[in-house]
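Number of protein chains: 4
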Amino acid sequence: MSTFGSLYRVTTFGESHCAAVGVVIDGVPPGVPLGVEDIQPQLNRRRPGQTNLTTPRDEKDRVNILSGTELGYTLGTPVALMVKNEDQRPGDYSEMNLYPRPSHADWTYLLKYGVKASSGGGRSSARETIGRVAAAAVAEKYLTLAHGVEIVAFVASVGHVTVAPPEGYSAAADHEKFMKQWDSWWTLLKGVSRADVDAVDVRCPDKDVADRMRARILEAKEAQDSIGGTVVCVIRNLPPGLGEPCFDKLEAKLAHAMLSIPATKGFEIGSGFAGTEIPGHVHNDPFVATGDGKLGTKTNFSGGIQGGISNGENIYFRVAFKAAATISQSQHTATFDGEDGVLAAKGRHDPCVLPRAVPIVEAMASLAVMDALLLQLSRKAAASLIPPQPINPILTGKWKPQSSSAPTIVANGEIAGEAVESDDK
Amino acid sequence: MSTFGSLYRVTTFGESHCAAVGVVIDGVPPGVPLGVEDIQPQLNRRRPGQTNLTTPRDEKDRVNILSGTELGYTLGTPVALMVKNEDQRPGDYSEMNLYPRPSHADWTYLLKYGVKASSGGGRSSARETIGRVAAAAVAEKYLTLAHGVEIVAFVASVGHVTVAPPEGYSAAADHEKFMKQWDSWWTLLKGVSRADVDAVDVRCPDKDVADRMRARILEAKEAQDSIGGTVVCVIRNLPPGLGEPCFDKLEAKLAHAMLSIPATKGFEIGSGFAGTEIPGHVHNDPFVATGDGKLGTKTNFSGGIQGGISNGENIYFRVAFKAAATISQSQHTATFDGEDGVLAAKGRHDPCVLPRAVPIVEAMASLAVMDALLLQLSRKAAASLIPPQPINPILTGKWKPQSSSAPTIVANGEIAGEAVESDDK
Amino acid sequence: MSTFGSLYRVTTFGESHCAAVGVVIDGVPPGVPLGVEDIQPQLNRRRPGQTNLTTPRDEKDRVNILSGTELGYTLGTPVALMVKNEDQRPGDYSEMNLYPRPSHADWTYLLKYGVKASSGGGRSSARETIGRVAAAAVAEKYLTLAHGVEIVAFVASVGHVTVAPPEGYSAAADHEKFMKQWDSWWTLLKGVSRADVDAVDVRCPDKDVADRMRARILEAKEAQDSIGGTVVCVIRNLPPGLGEPCFDKLEAKLAHAMLSIPATKGFEIGSGFAGTEIPGHVHNDPFVATGDGKLGTKTNFSGGIQGGISNGENIYFRVAFKAAATISQSQHTATFDGEDGVLAAKGRHDPCVLPRAVPIVEAMASLAVMDALLLQLSRKAAASLIPPQPINPILTGKWKPQSSSAPTIVANGEIAGEAVESDDK
Amino acid sequence: MSTFGSLYRVTTFGESHCAAVGVVIDGVPPGVPLGVEDIQPQLNRRRPGQTNLTTPRDEKDRVNILSGTELGYTLGTPVALMVKNEDQRPGDYSEMNLYPRPSHADWTYLLKYGVKASSGGGRSSARETIGRVAAAAVAEKYLTLAHGVEIVAFVASVGHVTVAPPEGYSAAADHEKFMKQWDSWWTLLKGVSRADVDAVDVRCPDKDVADRMRARILEAKEAQDSIGGTVVCVIRNLPPGLGEPCFDKLEAKLAHAMLSIPATKGFEIGSGFAGTEIPGHVHNDPFVATGDGKLGTKTNFSGGIQGGISNGENIYFRVAFKAAATISQSQHTATFDGEDGVLAAKGRHDPCVLPRAVPIVEAMASLAVMDALLLQLSRKAAASLIPPQPINPILTGKWKPQSSSAPTIVANGEIAGEAVESDDK
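From first to last, the protein sequence lines stand for chains A, B, C and D.
Here my numbering is used: position 396 in the first sequence is 391, and no number is missing along the way.
Here my numbering is used: position 74 in the second sequence is 69, and no number is missing along the way.
Here my numbering is used: position 118 in the third sequence is 113, and no number is missing along the way.
Here my numbering is used: position 138 in the fourth sequence is 133, and no number is missing along the way.
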């Protein structure tokens, strides 16, 4: 319902016009240094009203830590975070109450709850994402400290204006050029930083493309219209072995996380939809030794995940956002009672949510990988406590078969735990 | 881990070389007529070896109902279903043990579990999906009986060969033509049936496109290569109100479900990635009265879901599958120990998994909506038991505001439960 | 971790010295009239400092509704409730930091979290129960409105002073007298009200026993000591059919709920430990027609639950509380470092927590049955949507077998849903 | 519903007359040596028909490992275990169908599911516990290997015949004698083994008491009656730090686990109900250094758990079982239709289930602690990965305060992880 995760459990609360929005995080590791200064910056990045591209309302979302820390460290108990709503009027019961807003949640919330609240589909408001971003800032603090994980998202397209993606595969095409474009893409993902992204108002690190995106957004603003786009996100330095093999594959958790963000319409991991046209002998990522006794992959069409489990390479994915449903022009539609009419435009609205979506995409990525990490830590720790087994032919990859059809039982004294342990230092 | 759903809970078990694969389904409603004849057909549709386009091995997967039914009806207790593995050899410890297969799960399973089983990433095998398809057949039996739900998937593209999708949006383009193409698309989704789909070996209902798909697959086969594609799925007659508003939006559950299928790389709902280019005033779906006191939408860019909640329109989505990782040609890669080498090809492999993926996509869709339905039934039933409240201004959409800024408290005697109850008959 | 329930999900947060304690409730049915006035009274009943029997500190716990309601009705979205801590000092780093308090959580919290917070085992503090009591007040509001459920707890013993329990069974004893005592017990449970209980400071409705309890508590106070006791709780008007058949039997959920209250040491349902001495032919509760087409039971040794499922009779159970660990006398013990020493007494402490435990026991009972109810509502609603089956021999209890060894297939047109529906009007 | 645990997830299936009963275990650590020989013995101990005290039917429950192991080691994937039912007749549709059996689940299952199956409350049958015992044998294999955990249960009372429990507390009584009796009790729990228990048919290690228990059981058998009793269980060598602080206290999980066993009526941990009469200054367990840098407790009234968290001392608890509801004499009761009548006795039934309950109590204890252990391993592993913090006054118990009111910030370089790590080697 309103909870995400099984070991890093995030439960958000609040809608547009209640007293406060916030989150309770259960499962925060004890001993993490944590203060408001770790959380507020991401909330600020999420906040609207920062440039003339976004809606002018300044929500001034100041976070309060209600519980779970003492003297600047987490206790291991639930961390509750709260942001007060400044506008707590129970809503404006006028035209909005006659018309369900098209492509909004007003109508479906009424279908679901039988309740017609002033805030319409209150929980579907972007304001609900405050709790997510706050919870993710705590997760990120841990992920950075413990593993040096880096999660960076950026606007990859606005309408048809897009950061040059790799060309589509064609048997006839220049293979070398095809691979070069993918290499450039992987190189971009290797280097891009939040500083790069935030240096530009539209949060696209490619300044030329950013200029055209800005123009496209202003065009929508001019036309009292809205426009969608895509956000790309990369996760670097994530330990391998994360993700559960069956229903909770890491990409499935990420897809779940991303499609839970308001206004999203799609998700793709690694080569994604474009990859469906690349034949297997090209798409397969060959292994190479990385020099530290591990294996890496030469290419990364897989997007850092194989069989649902992280392999240590960079994870990257793309999320589609539709044009915002609230627009500054009137719309022909029907009232709740089914009468045809015109829903008048009211106020000015954000013509493009993409720049604000960037920290939310990063946030949901943090929550997904943090939960996967805590699950895998339990498995690894449990396996490491099994005493060495005298004969254990199927454990460890270092074991070499002597013949083709039967396992050679060797007393190698190696244990699952140790083998696993060495994987992600 | 290996469980999907919270009220319709599906737990699969089994890997390639163990005694059996199967599933335990907890939460099956009591009183559903159920026999092997309800489950076996979908397993047969999933089975490889049916045409010369798929791998020749015939697995003959006969399902056994171990528990949960009596005299042909479900008891409401866990339904356990089992399919024996015919090939239970603990695997072939030869070359496959030296090389982790590129873009397979062999390497990541070793990273995750510290165990190198003969079947490599055993749970990532398509064979694991038997349990899912069987569990979904039970869900479908209920969904059909209780709501007349129809779930139909088909192959929408193989490589670059694709069922003509609606054209991309462009401000300059012919708006009428743009809308006509989308209308054709929605019409196709309204009418397509499993019979249509199964009438063609590649499971694409458009015969001309199917011919070109077949050619593309045979080309891959010839080249000892593999090729990916996309599957589109439509869900019809689903009650409105399904999906939870925050993390468990219906599209998020569907995305989770789809990305948990082996070899998937992407998911999009409704207008999807193409929709990111459509401006808000076009993309918004205006409401219209449906004549039965409800509202429908004129267009369906939303894909039947708004704010994470089903609105009663058809739900449709697309899933991307990469080219199969197992190919019939040798590959340059590295051994588990990091030595460069060539993994020799062995046997013949399915050049395109798309046709077999169709029932699996349908299955995961069934599981996702069945779980969402049981959750919503609890909420509706709970609300319907609250006695009428004397004044209840925010309940029911039929209430009309008298003034613009304050709610008019009316003693309308209408209750949440009744209002909800009437929504999905 | 810090969440209770699967459909009525209660997540508490907060420890002694943080900014606030509280709770997020997910799964509250929409349309429930709810205000602070529904929650505050139970918090007041929980509050210490009300009589000279309890600790004098007045915490003045005022509840704030942060989210989930509008115009006095629940929205169906998460209800967040918060109570500020008045004393937010990060603790007193003196002697308490040298000594883990005996039979407190200071030592085990350090073992668990590796963190030594000023509040010791902060989450094990009775203050954490504020969130539970608040969440339960919301559940109770619904349970009362929708089903007329009544939950009443009272102090049944303090030390050796006890409300006369039924005599132990002995084959030699007077059977009539034995049954009479149980009948009196069941009669007491049928009639006792919260008003009766709150009319007496020790919250025992039997005034004579209450006088002796009070004396026992004052004796402990005098001796700078503490004393335990038991609380009995009865749940009336609960719909039948609640509780899951296997791991989540209703008594198992209740036991879980009760043993999660600080300082509890035991739980018994119905005849409980005394019942282990009663032979089967006496202990079995024979069925009788109740006149409305249902069955009741003549006796109620079962405590209203059979096979883990409520049968419509009153549910009653007993909870054991140990003497409070914090006492007003010094104690020989060891420091964290293992040095022998004397932990000096500090301040005055509540000699007996039993009276304050009464609303907490009621609260946890509410949470357990509310969750079980929402689960069963989903199952019932799902079954009721299955269309009538032509032949359905195993459905409905009204069907009569014609012969002893084979089922007679009759076309009775009765359906699971209808049969179930009539059970709990 | 039918699942127990969150990281060691056990899902059972099957009822009396279906094809098989069994269990799927998700979350088994990889690399555990496991074969049928690890599981069958506990199933044999659970099996009826072993002495003339139990029901003569020999079910011959042979377990099959369907998945999750290879070459004798667990893979980390779901382990599915199955036991075929020999008697798969869909039941005897005679008198049992007219009468719901008193204090059985026939009536409540009909209320819950609207289905009247031949096996009555099929899942409430003791046969369902086969899956639990099998799953627990796997957990025990791990617990023994990794931690040397020992779990031993025994019959502590049959009817009024009881293994001498410690005397009740009385201020007037001989304190020394009181403590001596508790010391004997704790000594008994320290030493008792499964071999001791199984050496006696009634599974009570005290032979004199066992003789009187046997007589009491035979008396019940003679009288065509049944009799209840209690089982005591001790868990030794459990690592400290297990159990979650709030709702999922270790004793709450144990209580949940125990009350989910058919026919149970009560649970008490440590001093239990008797402990409610012991004043705080006696009941508190003072700390003592154990010589290895840790603390133990001089007494163990707490039962090895404080604040819901294991402290490293022995955990012990008692479970109450009512007299079996199925008796070999006729009973006055009502039919499903509410007509008075006599339910005739049929066959011979087990007069006392206590000896068979012993392995089931052990099994549920294993499942509860295994799940708690995996949760804590994740937390410990996560904390251990946080790099040393320069100043961290609240971490580690070795830090000594310098003054009473303010923390002295010391750069101790000690980290949560290390402190935790050293706790349970």
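One should not assume that every hint holds.
Identical copies look the same in the list; a pair holds intra-copy or inter-copy alike.
Stated by the list, open to error - Using 25 angstroms as the maximum straight-line C-alpha spacing, the simulated BS3-like pairs for lysine-lysine come out as follows:
no.	residue 1	residue 2
1	LYS293	LYS55
2	LYS293	LYS341
3	LYS55	LYS79
4	LYS185	LYS79
5	LYS136	LYS341
6	LYS289	LYS216
7	LYS172	LYS185
Calculated directly from the structure, the hints in this document are not laboratory data.
Only a predicted model underlies this, so the values are computations on that prediction, with no experimental measurement involved.
Checked hints:
1. Within a single copy, LYS293 and LYS55 get their C-alpha atoms no closer than 46 angstroms, and across copies no closer than 39 angstroms, so neither meets the 25 angstroms cut-off.
2. Proximity of LYS293 and LYS341 under a CA criterion of 25 angstroms is satisfied inter-copy only: 23 angstroms between copies versus 53 angstroms inside one chain copy.
3. In this homomeric assembly, LYS55 and LYS79 come within 25 angstroms of each other (Cα to Cα) both inside a single copy, at 9 angstroms, and across copies, at 22 angstroms.
4. When the C-alpha separation of LYS185 and LYS79 is checked against a cutoff of 25 angstroms, the pair qualifies neither within a copy, at 38 angstroms, nor between copies, at 46 angstroms.
5. Taking the shortest alpha-carbon separations for LYS136 and LYS341, neither the intra-copy value of 40 angstroms nor the inter-copy value of 39 angstroms comes in at or below 25 angstroms.
6. Neither within a single protomer nor between protomers do LYS289 and LYS216 lie at most 25 angstroms apart by alpha-carbon distance, with minima of 51 angstroms and 33 angstroms respectively.
7. Taking identical chains as interchangeable, the C-alpha atoms of LYS172 and LYS185 lie at most 25 angstroms apart only when both belong to the same chain, with a minimum of 20 angstroms there against 42 angstroms between chains.
Violated hints for the displayed structure, listed by number in ascending order: 1, 4, 5, 6.
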